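Using the hints, build the complex out of the two chains.
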Amino acid sequence: MPATAWDETRAQAIIDAHKATDGAALPVLHALQAAFGFIADRAIEMVADTLNLSRAEVHGVVSFYHDFRRAPAGAHVLKLCRSEACQAVGADKLAAEVRGALNVDWHETTADGRITLEPVFCLGLCSCAPSAMFDGRPIGRADAKGLTALAQEKPMSGKA
Amino acid sequence: MGLVQETDYGTPAATATEMVTLTIDGAAVTVPAGTSIMRAAMDSGVAIPKLCATDSLNAFGSCRLCLVEIAGRNGTPASCTTPVAAGMQVSTQTPTLKKLRRGVMELYISDHPLDCLTCAANGDCELQDMAGAVGLRDVRYGFEGENHLTAPKDISNPYFDFDPSKCIVCSRCVRACEETQGTFALTIQGRGFESKVAPGMGEFLKSECVSCGACVQACPTATLIEKSVVETGQPEHSVVTTCAYCGVGCAFKAEMRGNEVVRMVPYKDGKANHGHSCVKGRFAWGYATHKDRITKPMIRAKITDPWREVSWDEAIAHTASEFLRIQKTYGKGAIGGITSSRCTNEETYLVQKLVRAVFGNNNVDTCARVCHSPTGYGLKTTFGTSAGTQDFDSVDEADVIVVIGANPTDGHPVFAARMKKRLREGARLIVIDPRRIDLVRTPHVEADYHLPLLPGTNVAMANALAHVIVTEGLVNETFVRERCDWDEFQSWAAFVAQAHNSPEAVAGMTGVPAENIRKAARLYATGGNGAIYYGLGVTEHSQGTTMVMCMANLAMATGNIGRRGVGVNPLRGQNNVQGSCDMGSFPHEFSGYRHVSDAATRTMFESLWGVALESEPGLRIPNMFDAAVDGSFKGLYVQGEDMVQSDPETAHVVAGMSALECLVVQDLFLNETAKFAHVFLPGSSFLEKDGTFTNAERRISRVRKVMPPLAGKADWETTLAIAKAMGFAMHYSHPSEIMDEIATATPTFAGVSYKKLDELGSVQWPCNDKAEAGTPIMHIDGFVRGKGKFVITEYVPTDERTSARFPLLLTTGRILSQYNVGAQTRRTQNVVWHEEDRLEIHPFDAESRGVREGDLVKVQSRAGATSLRARITDRVAPGVVYTTFHHPDTQINVVTTDYSDWATNCPEYKVTAVQVLLSNGPSEWQERYREMSEANTRIATPAAE
Chain A
1 MPATAWDETR AQAIIDAHKA TDGAALPVLH ALQAAFGFIA DRAIEMVADT
51 LNLSRAEVHG VVSFYHDFRR APAGAHVLKL CRSEACQAVG ADKLAAEVRG
101 ALNVDWHETT ADGRITLEPV FCLGLCSCAP SAMFDGRPIG RADAKGLTAL
151 AQEKPMSGKA
Chain B
1001 MGLVQETDYG TPAATATEMV TLTIDGAAVT VPAGTSIMRA AMDSGVAIPK
1051 LCATDSLNAF GSCRLCLVEI AGRNGTPASC TTPVAAGMQV STQTPTLKKL
1101 RRGVMELYIS DHPLDCLTCA ANGDCELQDM AGAVGLRDVR YGFEGENHLT
1151 APKDISNPYF DFDPSKCIVC SRCVRACEET QGTFALTIQG RGFESKVAPG
1201 MGEFLKSECV SCGACVQACP TATLIEKSVV ETGQPEHSVV TTCAYCGVGC
1251 AFKAEMRGNE VVRMVPYKDG KANHGHSCVK GRFAWGYATH KDRITKPMIR
1301 AKITDPWREV SWDEAIAHTA SEFLRIQKTY GKGAIGGITS SRCTNEETYL
1351 VQKLVRAVFG NNNVDTCARV CHSPTGYGLK TTFGTSAGTQ DFDSVDEADV
1401 IVVIGANPTD GHPVFAARMK KRLREGARLI VIDPRRIDLV RTPHVEADYH
1451 LPLLPGTNVA MANALAHVIV TEGLVNETFV RERCDWDEFQ SWAAFVAQAH
1501 NSPEAVAGMT GVPAENIRKA ARLYATGGNG AIYYGLGVTE HSQGTTMVMC
1551 MANLAMATGN IGRRGVGVNP LRGQNNVQGS CDMGSFPHEF SGYRHVSDAA
1601 TRTMFESLWG VALESEPGLR IPNMFDAAVD GSFKGLYVQG EDMVQSDPET
1651 AHVVAGMSAL ECLVVQDLFL NETAKFAHVF LPGSSFLEKD GTFTNAERRI
1701 SRVRKVMPPL AGKADWETTL AIAKAMGFAM HYSHPSEIMD EIATATPTFA
1751 GVSYKKLDEL GSVQWPCNDK AEAGTPIMHI DGFVRGKGKF VITEYVPTDE
1801 RTSARFPLLL TTGRILSQYN VGAQTRRTQN VVWHEEDRLE IHPFDAESRG
1851 VREGDLVKVQ SRAGATSLRA RITDRVAPGV VYTTFHHPDT QINVVTTDYS
1901 DWATNCPEYK VTAVQVLLSN GPSEWQERYR EMSEANTRIA TPAAE
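These protein sequence lines map, in sequence, to chains A and B. 86 is the number that my numbering gives to position 86 of the first sequence; each next residue is one higher, with no gaps. 1585 is the number that my numbering gives to position 585 of the second sequence; each next residue is one higher, with no gaps.
Calculated directly from the structure, the hints in this document are not laboratory data. Small disclaimer: the values here were computed from a predicted structure and weren't measured. Note that the Cβ used here is the ideal one computed from N, Cα and C, for glycine as well. A portion of the hints provided could be inaccurate.
[Stated by the list, open to error] Far from chain A by the CB rule (all over 10 Å, computed), these chain B residues:
hint : residue
1    : 1107
2    : 1184
3    : 1201
4    : 1446
5    : 1612
6    : 1717
[What the hints assert, rightly or not] Distance ranges between label pairs, derived from CB positions:
hint : chain 1 : residue 1 : chain 2 : residue 2 : range
7    : A       : 49        : B       : 1930      : 52 to 58 Å
8    : B       : 1023      : A       : 89        : 52 to 58 Å
9    : A       : 71        : B       : 1058      : 35 to 41 Å
10   : A       : 41        : B       : 1494      : 57 to 63 Å
11   : A       : 65        : B       : 1393      : 37 to 43 Å
12   : B       : 1807      : A       : 108       : 57 to 63 Å
Bound-form chain B, shown alone (with noise of 0.2 Å):
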């Protein structure tokens, strides 16, 4: 097993479909059009000599090595800016060329330390390669002239370093930063021999710079290196996995020593990322092996006793031994399971098989019912899929991006660096969000509307887009006509143009002016293709599904909907998140959201399971903690979630939690759901297990293990384990039999195998007989469900309002350093970004209470209270302050409420009237929550033996 090799091609592969074929040293050699010599070389087996070149990056032609000859042409042109020509000879390899080469090399040199032997990148570094290539023997200028090798080391980020004395400024770093991330936090600082590779006038932390790690990956020499590599040397085999973070699902290299991660290095085959990172995936992993994991499990009798390292027999049979007790004093439905969003597929697959097979109820949920629950609900009513309709490189050919309630820089960097690439080539972008996001206005992209409104008012602000398309005549009405139910289009259409949904009779509840709404719905209609891109702030909303619904009724109506560069797509917060819903983590659906009422389906799962099935649907999880504060639910199975931290109303979460029997928590480190639980069984990292992930496209990618569970099983043993011991036994020895059996029982996954996903090294679903290869784009020659189906969608207001005593409405987000609950980030150097959660407030609301930046403020809702710093700035609109949940000291969470999505109950997050004070410190509840939290997380010191 050694490293994987990718080959740099040098330039990016031309496009053009007539072919041109010319001869390279002899041999004939047939690419498209407008391929660069270097790349036609490369294709055909020939690797010239380069430096400034990567196929990442357009060509440069500044490092001169990649010259060659051309018959009939007078000098010698660099291959990496020469297009290949028809009936063209090459030669790249004469004495002239070796001369030059050498020549070159020799002065590249003549500035470049000497220290090999002991440069971190010794094995892994162009300039020597191509020193080797070239044959450089000696350089005649000597090393006594002037130059660059005491120039000072930036070793300021957390997680590289700058040494300028190796610098070759060739310029990748600065055009990757441009290029490829899109930041242009990089430039060349100073001309000729001052010329110098900078990040802006300061150092590396304090400038543009997001860590996104494109500069490290394209550096040649060690001039930008990864510390991890500097510690430990260089890797020596790698394995293809697919990052556990946010629902973009980047492909990853972990580059290993033994069973210790290197670094992880994106890889360029990987179909969501093609070789781009963020500063998550790409840096912060350490969390894996940090000094707080668990690796043993314990119990404990009560939450308030300490708790008690056992084996994992002893764990298990104790577990289960409770689940039968409940059962048996409480009733069947006493118990239930939460899967986990952070999980492989088969391990959901396998938690819900666990609560409908074994537990005998349908009482299981996952985190999807808090964020992204509407879209499954909103999308399938009104196409028939619960998905996004289009794959990432689908935004290539969007000419209108709208962007609802998502903040991509941040939560989906990846991807967003792809939109803002093609929104650099001119695509046109309009950002319906209370904040001002990044998008809004950052370097080389400008938002052609922002439209601001109050929070809680989305569905309004989208019935106002329709009623200009309806009003104003531009509705696809071929495409309507076609594709759709027309009845209920003219109903639909009737309703949006009434009055009171138009522009100027919304403009006052949103906020935002109707001129602006007009001119953002006629962009949107009339401006090519019309891409729809949301998030949160679009679901978690008393009318989440209700907006999901309004969206897919502005794309049909405008035809943008079908083909490549249009659709409606959620931008999923978690690794998984697609997958845990694909695979039947509702108490309503089985895998490929079929209902439990179904019997057909029943009956398929029966047979497979030889068990008797529920046909009602089980609790979701506001339910079970209801159910639990009521008296009726009383054990629970979570794995890898932290409902405390996470989940809306926190006193009354952590109500539900402290009446539960047998609270069993399955999880990387004791999170905060963990201080109410009985049995802690230690989870599996990522790099721990073999598995699947299911990205916002639908894209299941392989995971792949690449170091043995610290704690001794990865979770779906766990789960294994769970059943035998309550008397059921599951035969699996590896997770693709799980896969097989989904793929068994699941139509839209009726095509997916390991052996398939090695081959192709990721497939969309549907991915079955119909679509071997999967699905990247849906719903092209008709909606899976038949007619597209318009519904109406009347904008109700949230009962949560802003009142005297609570003036303000507070939203909520995430920011790129950080990761949800923070259970992983918080446990690495990016809290060097963001060590606190803070509250965004406008300058007028905070004068008027004389808050000043950095002062601690109390936010105050009906629910709860908590106290965090201030950080006053115009992103938020007055009336409006914004903050991030990243921390459980924070837990804002305390503050949000109970309301929730009518269809879905997906929590209203991004709504809760607030007042702001000044504080002089922590509210009531976080001094009892710390103390109870520090009582409940004790554990006991062995005995000695």
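Only chain A is shown next, with the shape it has when bound in the complex (with noise of 0.2 Å):
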């Protein structure tokens, strides 16, 4: 389901559904950021609430995972693989082409707001790296080129 804009209803009722499972923070962190694309500060009171935890732990858990994320991404996520078998192909010298050809460092998005560019350790494609991902999608042997373009595309209507 493609995020929608904030709506502390419906987070609610997320949370809800998610509540009764045992050690419910991740199902129902999981399933926040797969509504709104990302956890607002506002999501951590509720789930600290609902959950009968403190802001702090729950705080502690979003920060400790890289993919929850605390503001909203581009229109697309770029991902680029940092480990020692992609980086024994290139790896950090595409990250560098492709961060200087997006103007932006790990983290963060494009001034238009579509692409994100995030860094991942190991997507399990160490046959075909350098690898990347886009928006979910694996994308093997890939090349600084390849990857701007595909930045540069229209977004895909109906592709995850």
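This is the structure in structure tokens:
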């Protein structure tokens, strides 16, 4: 489901739907991020309140996992693998090129709000390194030209 | 005199009875099974290097400094997380370990500022100690790499700083906040190199932190450190003493530089607090040297005159001559005294002795009149002792905790932390309170049942709980037959079984669904050890005493009395309110709760003091006000008490005080009552005198002088001087001699002496030949009075009713950061958390009155009106409003009424019918009082010499 604007009533419904699960914090946070694309400050308070945890505890969990975002991402998310196998075949150079082409650093979003660039540690695609992921779609043998082109394409409607 | 040193064993003590023998560095050691190797080593005098371990917290195993080698086992396990085993051979010092530890320290120090010489923790830093212990000499990694040295400080908390550049991320603070305090306000944010201690998403002051100080205490570096240490430097000596705030009675080390307090640190051996503290005791002691302290005696002819500073001699002589004059003119009974629940046992004993032996009447009372007098009366009637039945440690074995009319997380925070720990271990919780107090739902704690009854319906609720227990066959008949009067029980059982006491019958008047009452009753009766904890929400009612007896009935009927984990436990408000009652502060009782009409006791005191004593009880506090207004009571000596702010129906209190010819106030500050005084005698804080306080668990603890009295006299010396000036010499050169007299004259204190208190730390009365080390749990083999007495407790609604004119019920309480009338806490940085009293009102009631958050509202009762700001919250039910009583600007007692407990005159603070309306300024009373207050507190500028 595509991310929608923050809606407190809907957020509470999502939290309530998962609150009875054992160790509910992570399933709840995943569901919130899936719905809204990020974990709002208010969401942390609501999760804490519903699960009877402290806000600090929920903040600790959210901040531990890089995949939980604290602000909405751009329209698309491009992840570049930073681990050893990819580095061995030029991932560092690739990363520098992509950052330069998009004019963003890690975890940043392009000025037009189109692309958020993130590092990732191993996508399990070591055999066709360097690897990347674009909106959840894995990409093998990535190069700067292809990735930049992809990043500049029109939004792909209907694709997650 | 140096610092009191406490041994840190690294991990908590094991509780197993089975013993295990192992060898550590070749020496045999025997410890309980489950003990960590680290603790066993410390037991045998071997200190294994450590950073993340401390014995107040469970082992964590993160710092990797406490590694050891064990014969026959691979690797180098952490000694904190590895339990001992029989025959284990442990080495704590080997070349391998040495290398590993140095390597670990090297990594820590590579990301630590090397500013030890200018660091506030210099000399009190475990990181520094460990660098020394492992012989760190250089850091091969250099200091150029990525680091945390420029991480910004968080100085938002008024009492301590957080400097993450010095943090080693050992998690001790996070664990202390969770395990010791149970607030969970801290976390480790991020992961890997980004890991950082964080108070949630923002800064400390705006976080969930309650500023208890447990994190600061746990921090092994200067990362979390008291601002007072940053400002003053490290202390050079310390003295163990007792906190002067609430009835928990925490033991603290006053850490000093000369006569200056550097910090107050909770004392691990303190039997009430076991090394824990709250924001008041730990940090809010600055009032003791506040510029508002009055340090010169003052007198004036009329209360509208400016005060004139005089010598002690002149002030005392004036007091004595005035009292003697009044007695000569109006009779012996025209004067009296009020003892203080803030002062020591010894001082309190002296004031009542002054009244009985020197004034020659029994016109002595104490502020317990307005708080826990029903506890004394109710528990004495049913069990035979005017005090709670348990020690605090008992809560560790409670299975069902019932909290009635108390707000422990705010009023008794250190005990609440203990209670929450037990609740996290799985004990069940029932809260009976009109307001949704924090305990009802707070991280990791949730009440099974919250019965939010309407103020004034306690007895109906308790009778309904009893009804369920009796009619559903949940009575512990074996216990009742063996321990209680069976005939009285049967009458009581027949009474509570009547239909009008059923949950269904009281549901309407209490506002609580019958089903929840039934379930709560079943849980208390069948859930294992059931322990009742209660506060002023029980006692401050027209049926306060009845409700105390109701709870005693419930405990007896279910057999929840006479062992650990059970009992009926008053959470007493003030540091020494138990003690002031024990010492004979009531007009009808000598020390040890013996009636003044009891000829044997009276004769004993007559021969001890060498004077004839009155056999008729004297005036209670409210009677004193009445008699003053009537003109028959003319002189009053008040030690450390502020009736004008704390007693109900302020207008009447003010009328009474204004009618006196000689009001003598002895206090730290020119309090509200002093505005009506003719003599002001400067008091001394708990830091300035020796003595003892008795806490809510009957524990007598030493108060030790750490600085000379600012005004030159400790409070007890002032009372001696008045007695002497009135022609009665009392010969004491030290408070220990007063305690010796108390012990001689009071059977329950017979075994108490300063020598014993120094040896044992503290003792719980009764302490005598039968219980030389004191009595933690009462009524173990039988009730003190013989058979436990069931009393029939018919519910009689208070006369204070809501009406069309006054449709809401006002109830009052306290907040964590402030303490009672606020004389102390308002003069500390605690005001950042609570700068004014606010009126809590439900959104429905607010909306129908057009009241928005923060609006000024007028609270009007039939007694009076005051204005304060509104806070809109669903903590209170519709129809109920709530406020605190910490600020004289609000003076909420202008609104409270003269209704009081039928047995003890304890005022009905907790139920006042009021109307709340938007207001555009202070009430007429507030305006008039402010003018009068300013006029009556002028101090004359001394003439040039």
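- Numbered hints the structure breaks, given as an ascending list: Hint check: 2, 3, 4 and 7 fail, others pass.
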